[in-house]
Amino acid sequence: MRILKQNAEAFCYLLPATLVLAVFWFLPVILSIIISFTNWKGLDTWTTVKWVGLTNYFNVLQDAEFHQTILNTFNYVIYSVPLTLLISLLAAMLLNSQIQGRSFFRTVYFLPFITTWVAISIVFRYFYDREFGLANYFLKQMGMPRLEWLSEPRGIWTMLFSTIGISIKKPILAGPSLAMFSIILTTIWRSIGYYMIIFLAGLQNIDKTYYEAAEIDGASAWHRFLHITVPLLSPVTFFILVTSMINSFKVFVPQLIMTPSGGPDNTTTTIVFHLYEKGFQGLWLMGHASAIAYILFVIILIITLIQNRILGRRVHYEV
Amino acid sequence: MPLPASIKHEKNIVFVSNIAIFLILVFGFRFLGWKGILVYAGFLALLLFTIINVWQRPRNIKDTITYQALLIGGFFMVLPFYWMFITSFKSYKEALAFPPTWWPTEFHWKNWVEAWNAPKGNIYGDPPVPLTFTRYFYVSIMVGIVTTCGSFTVSALAAYAFARMQFWGRGLFFYIIIAMMMIPGQVLLIPNYLTLAKLRWLDHYQALIIPWLASVFSIFLLRQFFITIPEDLWDAAQIDGAGRFRFLWQIVIPLSKPVIITAGIFDFLGNWNSLFWPLIVTTRPEMRTLMVGLQAFNQDAGSDFHLLMAASTFAVLPIVIMFFFLQRFFIQGIARTGLK
Numbered sequence: 001m002r003i004l005k006q007n008a009e010a011f012c013y014l015l016p017a018t019l020v021l022a023v024f025w026f027l028p029v030i031l032s033i034i035i036s037f038t039n040w041k042g043l044d045t046w047t048t049v050k051w052v053g054l055t056n057y058f059n060v061l062q063d064a065e066f067h068q069t070i071l072n073t074f075n076y077v078i079y080s081v082p083l084t085l086l087i088s089l090l091a092a093m094l095l096n097s098q099i100q101g102r103s104f105f106r107t108v109y110f111l112p113f114i115t116t117w118v119a120i121s122i123v124f125r126y127f128y129d130r131e132f133g134l135a136n137y138f139l140k141q142m143g144m145p146r147l148e149w150l151s152e153p154r155g156i157w158t159m160l161f162s163t164i165g166i167s168i169k170k171p172i173l174a175g176p177s178l179a180m181f182s183i184i185l186t187t188i189w190r191s192i193g194y195y196m197i198i199f200l201a202g203l204q205n206i207d208k209t210y211y212e213a214a215e216i217d218g219a220s221a222w223h224r225f226l227h228i229t230v231p232l233l234s235p236v237t238f239f240i241l242v243t244s245m246i247n248s249f250k251v252f253v254p255q256l257i258m259t260p261s262g263g264p265d266n267t268t269t270t271i272v273f274h275l276y277e278k279g280f281q282g283l284w285l286m287g288h289a290s291a292i293a294y295i296l297f298v299i300i301l302i303i304t305l306i307q308n309r310i311l312g313r314r315v316h317y318e319v
Numbered sequence: 320m321p322l323p324a325s326i327k328h329e330k331n332i333v334f335v336s337n338i339a340i341f342l343i344l345v346f347g348f349r350f351l352g353w354k355g356i357l358v359y360a361g362f363l364a365l366l367l368f369t370i371i372n373v374w375q376r377p378r379n380i381k382d383t384i385t386y387q388a389l390l391i392g393g394f395f396m397v398l399p400f401y402w403m404f405i406t407s408f409k410s411y412k413e414a415l416a417f418p419p420t421w422w423p424t425e426f427h428w429k430n431w432v433e434a435w436n437a438p439k440g441n442i443y444g445d446p447p448v449p450l451t452f453t454r455y456f457y458v459s460i461m462v463g464i465v466t467t468c469g470s471f472t473v474s475a476l477a478a479y480a481f482a483r484m485q486f487w488g489r490g491l492f493f494y495i496i497i498a499m500m501m502i503p504g505q506v507l508l509i510p511n512y513l514t515l516a517k518l519r520w521l522d523h524y525q526a527l528i529i530p531w532l533a534s535v536f537s538i539f540l541l542r543q544f545f546i547t548i549p550e551d552l553w554d555a556a557q558i559d560g561a562g563r564f565r566f567l568w569q570i571v572i573p574l575s576k577p578v579i580i581t582a583g584i585f586d587f588l589g590n591w592n593s594l595f596w597p598l599i600v601t602t603r604p605e606m607r608t609l610m611v612g613l614q615a616f617n618q619d620a621g622s623d624f625h626l627l628m629a630a631s632t633f634a635v636l637p638i639v640i641m642f643f644f645l646q647r648f649f650i651q652g653i654a655r656t657g658l659k
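So the sequence lines, in the order shown, correspond to chains A and B.
Okay, so the first sequence: first residue is 1 according to my numbering, each after it adds one.
Okay, so the second sequence: first residue is 320 according to my numbering, each after it adds one.
Chain A on its own, in the form it takes in the complex (with noise of 0.2 Å):
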């Protein structure tokens, strides 16, 4: 009886939570993936839903322009995930010194992360403007000629080839368009101060006591950042980089906002921008945007369980 009162108690008290969570969490789930397997249109009436298996799915998979997206959301992925792991780790690094103003610079770095994108985008729609941003000035006061930044098309590999003579030709080797790397350069701009809070946590845990007896026994600092600092900060390393890369597949704001019509050429579409276009920019596929959705899932379900398997034996939990 007792036991019973305190089930109902504590139904109570989980009652709100569950509600929300059942209707705006778990039932979608359900329905997107029976909508997956219809050809369903968000004008449609019911009655003239029809159940058509898999072929949305097979449609997904051989559409080129699906392929372009698939192209361009892991040239993102790999560009903007090493680099804002690296630059963070390094103003960590930097932050985890006993310098005057240190509080100082942790909020100046911070600061992006809590800017909201509409804001970013228009700024930095402006930076990068042809004829009046600024970072065009930059490149003239060095002497360099102009970009188009957000309006070029060709890969920044092709770009940097091309001005000692060598031309790419396969689209796999050129590299994130510039236009896609000028967005990837702002979302680097954005989330350094995010990650860098959390390295720093994590060098903070570091028992100094370790780095003072390698300094005894003659290790360089190279030594003891190879040795001491990189196997001690692996478990916030690998968080970080699982969830960055997580997020990074899932990756639309910005290129929806910087580059509304998905970018010179096409090449800043990655696959969430490809399923809004397809299901809310007038076209209504739902059954097609969801298959989108969950090979987006299926994809990032693969990728999570690689990098668990390499990467998380590498983990040294234990201090």
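Don't take each hint at face value.
As the list claims (entries may be wrong) - Example chain A residues on the side facing chain B (calculated, C-beta under 10 Å, incomplete): (1) 8; (2) 54; (3) 55; (4) 57; (5) 103; (6) 124; (7) 138; (8) 193; (9) 257; (10) 280.
Claimed, not checked - Each computed DSSO-like pair below joins lysine-lysine, with the alpha-carbon atoms no more than 30 Å apart: (11) B:517 to A:250; (12) B:517 to A:208; (13) B:517 to A:140; (14) B:381 to B:354; (15) A:140 to B:327; (16) A:50 to B:517; (17) B:412 to B:429; (18) A:208 to A:41; (19) B:429 to A:208.
Just so you know, these hints were derived from the structure itself, not from any lab.
From a predicted model like this one, the values you see are computed outputs, not experimental measurements.
Ideal Cβ placement from N, Cα and C applies to all residues, glycine included.
Please arrange chain B on chain A, whose structure you already have, making use of the hints.
Coordinates of chain B only, in the frame set by chain A:
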């Protein structure tokens, strides 16, 4: 350990000279281009030479390098903010000048008023409607406050049940909630839109508030903290005749103030900055949040960068002010997510 006066004095010299040398870089580059960087390198070499040969303190060399790296990085972090703020006071012509000016020749304070009152087009390309930013701010603040308070209540109750009560399926239920943190939100977007359409909530406050009332992140964060509150307190409260609800309200919640503020900040920030959700669930301009309004203005205003920068500045300002007051909680909250 307090430093001797002479070393402390020297530390200040290092601090000030580092900033001075960095300013030489900024202004040198502005006027001289590449040559400015050479002037900077020269002064930096001079400082390092002094440290090595006159003071002979390796610590100061390390500090100098750290300062220079942090200042150069910090310059790029601040530049967009500075540019946004300063352009918001320029005239239309000056905002489009090339080479750009680093300080407005004349301050146009009216830009802010003009941007605030400019009619905003509907995001779907319909004709502009006479809405000012007052309405957008009102919607955003309303939705932000109600969601944050509601989410706090709902999450605190659930977190308390997970942390402190025994019930059937507790473990399973908790793991389902954690697993939901991993599902990409876009999967849920389409069916949620349908649910809201069926409920006839589209274009109403409910659509902006109710789906965000249960924040998985807040539940998790609060539960982790509630677990650490000693069981003895509950026993003592029971002896004094308090029920569970009173215990939660009068003992647990006051004790977990920092965590609650952290969770609240993240709820509010997420709400304030969200663009996609309000964009999809609202079509009437007067139901749109500040971010959607700003985005509509962005698409309308074209190259009126002086007005766009003014609008961006006042959209960002409330969050920046909040950040300066509550910085400690931001930092703690984020630091906690990385350490299990």
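Hint check:
no.	hint	result
1	8	9 Å, holds
2	54	17 Å, violated
3	55	17 Å, violated
4	57	14 Å, violated
5	103	8 Å, holds
6	124	7 Å, holds
7	138	8 Å, holds
8	193	8 Å, holds
9	257	6 Å, holds
10	280	6 Å, holds
11	B:517 to A:250	27 Å, holds
12	B:517 to A:208	59 Å, violated
13	B:517 to A:140	56 Å, violated
14	B:381 to B:354	26 Å, holds
15	A:140 to B:327	42 Å, violated
16	A:50 to B:517	20 Å, holds
17	B:412 to B:429	15 Å, holds
18	A:208 to A:41	61 Å, violated
19	B:429 to A:208	55 Å, violated
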